[in-house]
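J.: Residue numbers (the working numbering), protein chains in the order written: chain Y, 40 to 326; chain C, 2 to 160; chain V, 1382 to 2119.
These are calculated hints, taken from the structure and not from any lab test.
No experiment lies behind these values; they were computed from the predicted model shown.
We treat Cβ as the ideally placed atom computed from N, Cα and C, and that holds for glycine.
Possibly wrong hints are sitting among the right ones.
[Claimed, not checked] Derived DEER-like restraints, expressed as beta-carbon distance ranges: (1) Y:Gly190 / V:Asn2035: 14 to 24 Å; (2) V:Lys1551 / C:Asn35: 53 to 63 Å; (3) V:Pro1465 / Y:Ser59: 51 to 61 Å; (4) V:Ala1885 / Y:Thr295: 51 to 61 Å; (5) V:Asn1435 / Y:Ser50: 52 to 62 Å; (6) Y:Ala118 / C:Ser10: 20 to 30 Å; (7) C:Glu17 / Y:Gly80: 25 to 35 Å; (8) C:Asn35 / V:Glu1569: 47 to 57 Å.
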Amino acid sequence: MPVVEYSAAASVEEAVSLLSNSDIPAKVLAGGTDLIIQSAGLSPIKVVDIKNIESMMGATIDSDGLTLGPSMPCAELYARDDVKAMFPGLVEAAYLIGSTQVQGRCSIGGNLCNSSPAADTIPALIANAAHCVIQGSGGERTVAVEDFVTGVGRNCMEQGELLTALRLATPAAGTSDAYLRFIPRTEMDIAVAGAGVSITLDSDGTCTAARVSIGAVAPTALLVPEAANALIGSKLDDAAMDKAAAASSAASSPITDRRGTVEFRKHVVGVLTKRAAAIAAQRARGE
Amino acid sequence: MAKVHVSTSINGEPTEFLCNPHDTLLDVLRNELNMTGTKEGCGSGDCGACSVMVNDRLVCSCLVLGAEAQGKEIGTVEGIGNNDSLHIIQEKFLEHAALQCGICTPGLIVSTKALLEENPNPTEEEARYYLAGNLCRCTGYDKIIRAVMDAAESMRRGA
Amino acid sequence: MSEAKEYKYVGTRRVRPDGYDKVTGRANYGADLALPGMIWGKILRSPHAHAKINGIDTGKAEAYPGVSAVVTFQDFPEKSKGNPSAQNILANAKALYHGHAIAAVAAKTEQIAQEALGLIEVDYEVLPPVMDLDTAMAEGATLINENLKTAGLPEPATESSNIAARQELKIGDIDAGFAEADVIVEREYSTPTVHQGYIEPHACTVRYDENGQSMVWCCTQGHFDVRASTANLLGMELGKLKVVASEIGGGFGGKTIIYLEPVALMLSKKSGNPVKIVMDRDEVFKASGPGAATKSWIKIGAKNDGTFTAMQAKLVFEAGAFPGSPVGPGTMTVFAPYDVKNAKVEGYDVLVNKPKVAAYRAPGAPQAEFASEMLINELADKLGMDMIDIRLKNAARQGTQALYGPKFNEIGLVECLEQCKASDHYQSAVSEGNGRGVAAGFWFNIGGVSSAVIHMNPDGTATLLEGSPDIGGSRASMQSMAAEELGIAPERIKPIVADTEMVAHNDTTGGSRTTFATGMAVIEAAQDVVRQFKERAASTWNVTPDQVEWSDGVARNTAGEGEMTCAEICASAGRTGGQITGRGNINARGAGPSFSVHIADVAVDTDTGKVDVVRYTASQDAGRAIHPSYVEGQIQGGSVQGIGWALNEEYIYNDDGLLENPGFLDYRIPLASDLPMIDPIIVEVPNPFHPYGVRGVGEANIIPPLATVATAVGNAIGRPMPDLPCSPPRVLKAIQEG
């Protein structure tokens, strides 16, 4: 039995109140592209529609960086050239979710809170060291995105809490990011493996900072410091790239399921790490 | 479980209906409002046969709750052309034989219109990727893409 | 015998008459009918792949508020209970596959019906699932049907088995054939369970009526067969059951059998209300008949110049839970494109705990010809021969004795091969790192029973009633053919797919028979009308009918003065003897086989195994293309289904025999963004037995893509790909093993 009650909140406070004061599970309804499919199988739930809350639906850039409304439809985010310029990899990850129809509704916040191991935006968020701002009846707290997802379909939020913003600091000069995923077709598939990479290059092309995150190859997306360390200090030559790929493969713990085998995923996540790093570097060089 | 009362606008017509909280917009269109032009192929957003416009956004109506239609503008295939005057997209689909069984056609007409409003001059690749969420099993997409590109050209010329 | 002549309407690209309704959403498909008082049906399905059913308790469901009726297998008439069709529609003693229907509920709303399903208590005794051919055929295998003994063995079987049947075809002396070969190749191949993938789920709205006005509205490829099967199962007279074919959202063979209709009628009978049942996508994959998985072994012997001396095959097909895979057509088609004096084919039909397989576009042939075409390409490579040349060397031609029986009349395989060879695609070099594949295909096409009626209206327009559900635009072709015969503009003829009360029996739309056989019925009906036009004109002019010429819609008196248009004759029909109706009830013979030859170029990402089809050309002999756009459409559509079959489509079962990918997310059919344009080449070698030379074209196009693409992938990576699909993990594994 699925949704038994629908309410639309006008503010974050109202949303938190509705989510907290419910005798049956209350879920946030953003784009609905995961929730509506899943709701057929759940025991009775209430949904709280947060799409009327402006702060949840927009993106602002200031001197500190990007504050992203978690429920902003990915198609709208893709149209934001300013966000794309700052975080091309994050935006391309968001743009990969589903079809054009799904893009009109799905959101980075929804993708994150659904907490699927194969979520496309989470490796990109981790690569960019995003922070999650969470509001509950007890107040506000901030969690680093790599600590947000705690297991398959599970995250650190309690019943009654609402993700209200994602914050990404302005990248240092010479920094850019990229996200790649592997799917068997050209669209529509859930990622079989994914890699999000942020690279900082100095003026002579040496990598001075990096963050590598891999997805769909473990219960949660992973930050892979060993892969980043393989790149830092190098000029992203083949040896460094191969080492980074090997580190990603080694850090992964994929399963064999209807979307891929263990061997395939381990191999491909390494390939994607190298390719994403190369693209991030090209962007960092301004190409 | 009380029904939800919704006031909305469908193809420019003010419309009111009652629905269950769990009803999707697709359920409401087909069963409550008897607008069967929008089709259900999968119920999970994987096939695009249920494509509609909500506030000028192309969406799958199987992934929108009926309750969410409150205060929105909904656009369905029934609002595009009619027997007396088809939209150029519909004409091109017929001219190019871009349909065989026709079940995916309403969704494709809605999606193509959204594509060409957003991007009046798509490349073949852009058209294919934009329409990737509309599955067709009969045509192999060849004639559909030809119809879309031809419609785009006609619309740019002001036809 | 028809010469290649210029027709006025046949061969033109008119807008199809049913097109306006389809592009505006007004056309009504299987789930689009609501009736007053209608209630909703839902089906309870087995969560197990294989289980004894020790009891079904429906009491709580029957008592649930809003529920009007519950049915199980026990509600079938006694005499139907032995019928495997009944046992598939609702399980009796055993659940035989994940998704097997167990019971059905009708209630006021879908939601209530769904909730009531949860109240039905089924006592399952789970059994080990039998999920593949090796398991099914092994010594001591768990038996799916304890009473089944293998048919077709040289000695009658004494033990029960999961092997339902064996068959064999042979010609010449296979051992002598291999003895004279300079080169022998052999290999094993496999193809997975696949689904036809029609976008419209099965659906029906029915009304049972004690007084004999029962009605079924459903999406089907054959409403007369729905009537026959349903009436048979429920013990009804044919005349008491009307079946109306809705517009159909794809079938490809998967909508030639019944699943919902008898259940809905039983619910309607019990409840006293019309009942609507619509499968959801999950149910379509779990419980409707897929295309059979197969394992094949092929062996070919040839001279050094490429001449085949011997061809041998063993084909093993999964039938699903009940016997009846298309292994028969597989054995008949596997070597059909070739002239070979010595051939032997064995075929096996084997039960597994999967849904009973249904036809899928040239059933049996894609799987069988995949294997033979792959091996022919391997042989060509070994001999250093071009893939098209080796086929030209051995191609079946007029007079060739086919393994399955007949000598071919005029056929177009050589023309397809030559046109492919001369094509821009084949003449251009394969890009660096890419691979190219070629394969041929053969499908018999069938004729059969069709019945059509043309009523002339007093203003000279015509109503054409025919009985073939239109799955791909056939009404346009019927309109063109009738117009050609009558000599009036197609726009003045309204073709209608009539229900079972309006025309006599028509065989199912399938087997590529519609344009051929229903076309012939339409032509005969139109000729009957013309005969009557001549009679009426003759009586008006006081001449004999053979002195009246009919052309371009006008009757002319060849024995004197006088011209009458179609409209004039029709306007005076009442006075000259009554309204004019033409009839064509036929059993069409002389269906001409269709051959197809395809070329594919693919690029492979060798780091990931991902395959990209970069160019695709598909030729096919249509005999005569009545409507070239829809012939091209068939070629393109079948090609893409075949590409999906080759690249990514497969049913994935877990160790418990449960289907893991019953949806379009993980059952991966090709998307618009996955494909290039599909370049069609229509070859026309007219079929001498059809007035316009028509050959069916619907099916032969799905056969070549499997080997065309798998060969191309193999050539790109330098490794054979004998197991489908060529999904990225399999391609990567082949690369890494190389």
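J.: Go through the numbered hints given earlier and state which of them the structure violates, listing their numbers in rising order.
T.: none
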